[in-house]
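Q: Residue numbers (the UniProt record's numbering), protein chains in the order written: chain A, 1 to 282; chain B, 1 to 314.
Hints were generated in silico from the structure; no laboratory data involved.
What you are looking at is a predicted structure, and each value in this text was computed from that prediction instead of being measured.
Hints should not be assumed to be uniformly reliable.
To be verified - Straight-line distance between alpha carbons at most 30 Å, and here's what the computed DSBU-like set of lysine-lysine pairs gives:
(1) Lys-118(A) to Lys-306(B)
(2) Lys-54(B) to Lys-174(A)
(3) Lys-221(A) to Lys-118(A)
(4) Lys-245(A) to Lys-225(A)
(5) Lys-228(A) to Lys-45(B)
(6) Lys-221(A) to Lys-245(A)
(7) Lys-174(A) to Lys-118(A)
(8) Lys-118(A) to Lys-45(B)
(9) Lys-118(A) to Lys-54(B)
(10) Lys-74(B) to Lys-118(A)
(11) Lys-54(B) to Lys-233(A)
(12) Lys-45(B) to Lys-233(A)
(13) Lys-74(B) to Lys-174(A)
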Amino acid sequence: MAATEGATATAEAVEASGAPAPDAPSDFGEPTVIADGLHVVYRVRGAAGRSGGGGPAALLRALARRKGGGGAREVHAVKGVSFVARRGEAIGVIGSNGSGKSTLLRAVAGLIPPERGKVYTNGQPSLLGVNAALMNELPGERNVVLGCLAMGMTPAEVRERYDDIVDFSGINDKGDFISLPMRTYSSGMAARLRFAIAAARDHDVLLIDEALATGDRAFRKRSEKRIKELREKAGTVFLVSHSNKTIRDTCDRALWMERGELIMDGTAAEVVDAYEEANGGD
Amino acid sequence: MSSSPSSARAAAPADADPAPDTPRAPAAAGLAELAARHGLAPSGKRPPLGRYLKALWRHRHFVDAFARARASAKYSKANLGRLWEVGTPLLNAAVYYLIFGLLLQTDRGVEDFIPFLVTGVFVFTFTQQTVLAGVRAISGNLGLIRALHFPRAALPVSLALVQMRQMLVTMGVLLVIVVATGQVPQWNWLLAVPALVLQSLFNIGLSLVFARAGAKVSDLAQLMPFVLRTWMYASGVMYSISVMAAGAPAAVRFILDVNPAAIYIDLMRFALIESFTASDMPPNAWWTAAVWAVAVLIGGFVYFWKAEESYGRD
């Protein structure tokens, strides 16, 4: 596949050699993400939060925080998770609310530093979350262009793919919404557009956090198809979802997280079965 | 579904196995080695400076498009739209003339006070607006930063570019005012170009510095307007430093003389105003301006790059 920005020179050399990794124990390609005893600890600041509250008390708290985080509460969100993800895999991440799924993806994306252990990735993973707004004050069309350019496309490539992206998102199905500012979009529309933008490029590692849950049925079908294509182009896709059906249909492997620990890692079918059994069905 | 990929697979639901490290301890050394063999790098690691610069260059279209989008969004809610690009500097000049020219009469010892004042206001506003935009370059675009991966320096550079474009419009206004108040166009005016280029480089560096600082300390955005106002009053925008500070101690005089804002203002006055001669400027003004530009640009870039991996983290 094309050398992507951020891929290390060595990674490109390995890709160029094309030889299957000698240690690959599966039909899939070489590793793209390796989590090695990963621990993530959040430091949650006092009830007043970052910008809430004020006055001398806030100043004192701010000063205290600088000196070793006094008063901050620690949340051990991911506890010693290890796995190896390979090219061409789609991996579902399941677990109850607050089990550390989203935190795990954010750590893989490099947005949270690990407390202990390491995450190794091939190139820069892209994280797509429900809350990841692009530029709200700008119209959808501008967001498409800027998003694509930010991912390193040339203006010519953007022009070429623009229509596909808008069609994919389904934003214009009910009239000309793409020229309206993104702040006027419903959360589902915004999530669809963001997914369409991110999916326009091939990714070595794409992390999707519930982004598909907001779409309607037709959009889900299109995204599932696009995820399959990404995998065929030897990318790795992680998908956090509360829909067991989506995990079954889209993924071939699943990780089950509970209270920050990885309690099961196997084929999507067997992990989802075990998960449903533990939670008393769907 | 074919055989499961399982090099790091937990054997079974491990509810009874609360010690997370121990079962995979033997594999742990193997995983680091596996990562090294396939050239995987720790996630979120900052690229070396040279590669970072190249990535930034590859994103030049993004820098440009982001700047255009920002410029057009800025006045999109105003009825007069982009007319404000001309209106804002004009009103600014009018207000300062009313207060400092007519009410406070700080024009002591200045021959062409209107062009002197308006040049000072416009040149300082250029740096001031760049810093204010830079402070929010990261903290105001967290959604974009968290969603997409690109060299983060693209944002402060792009916001500096917005102000550079605005400055070109402002320069048009300035030239009209300068001519209207009796200056005659001449070859000397071309010196405005190197003065603007040096100030722009300086501003880009400053934008990078404040982008990193503003990303770490969110209160900076509230504080900066006051810092900038103090800086403006110390920069001889509405009075002549060489007249007002004639009796100041040498140390104070030195600080006033190397103040980059004052230098860029004086260079522009030197270029455009006939009665403002080299003797009105601090010694070695061009050299000081160039050193500031290069030092702040390079220093600011390195300073920003050093925290690249931390932008967008909570």
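Q: For each hint, tell me whether it holds in the structure or not.
A: Cross-check of the supplied hints:
A hinted pair counts as satisfied when its Cα atoms are at most 30 Å apart, and Lys-118(A) with Lys-306(B) qualifies at roughly 20 Å. Distance restraint check for Lys-54(B) and Lys-174(A): the Cα-Cα separation of roughly 42 Å exceeds the 30 Å cut-off, and the hinted pair is therefore not satisfied. Proposed proximity of Lys-221(A) and Lys-118(A) is contradicted: the alpha carbons are some 35 Å apart, above 30 Å. The suggested pairing of Lys-245(A) with Lys-225(A) holds, with an alpha-carbon distance near 15 Å, which does not exceed 30 Å.
The suggested pairing of Lys-228(A) with Lys-45(B) holds, with an alpha-carbon distance near 29 Å, which does not exceed 30 Å. For the hint linking Lys-221(A) to Lys-245(A), the alpha-carbon distance of about 12 Å falls within 30 Å, and the restraint holds. Between the alpha carbons of Lys-174(A) and Lys-118(A) the distance comes to roughly 46 Å, so the proposed pair goes past 30 Å and is violated. A hinted pair counts as satisfied when its Cα atoms are at most 30 Å apart, and Lys-118(A) with Lys-45(B) qualifies at roughly 11 Å.
About 27 Å separates the Cα atoms of Lys-118(A) and Lys-54(B), which keeps this hinted pair within 30 Å; it holds. Of the supplied pair hints, the one linking Lys-74(B) and Lys-118(A) is violated, its CA atoms being roughly 42 Å apart against a limit of 30 Å. Proximity of Lys-54(B) to Lys-233(A) is assessed by CA-CA distance (about 26 Å); at most 30 Å being required, the pair is judged to hold. The straight-line distance between the Cα atoms of Lys-45(B) and Lys-233(A) is roughly 25 Å, inside the 30 Å bound, and the hint therefore holds.
For the hint pairing Lys-74(B) with Lys-174(A), the CA-to-CA distance comes to about 29 Å; that is within 30 Å, so the pair holds.
Hint violations for this structure: numbers 2, 3, 7, 10, all remaining hints satisfied.
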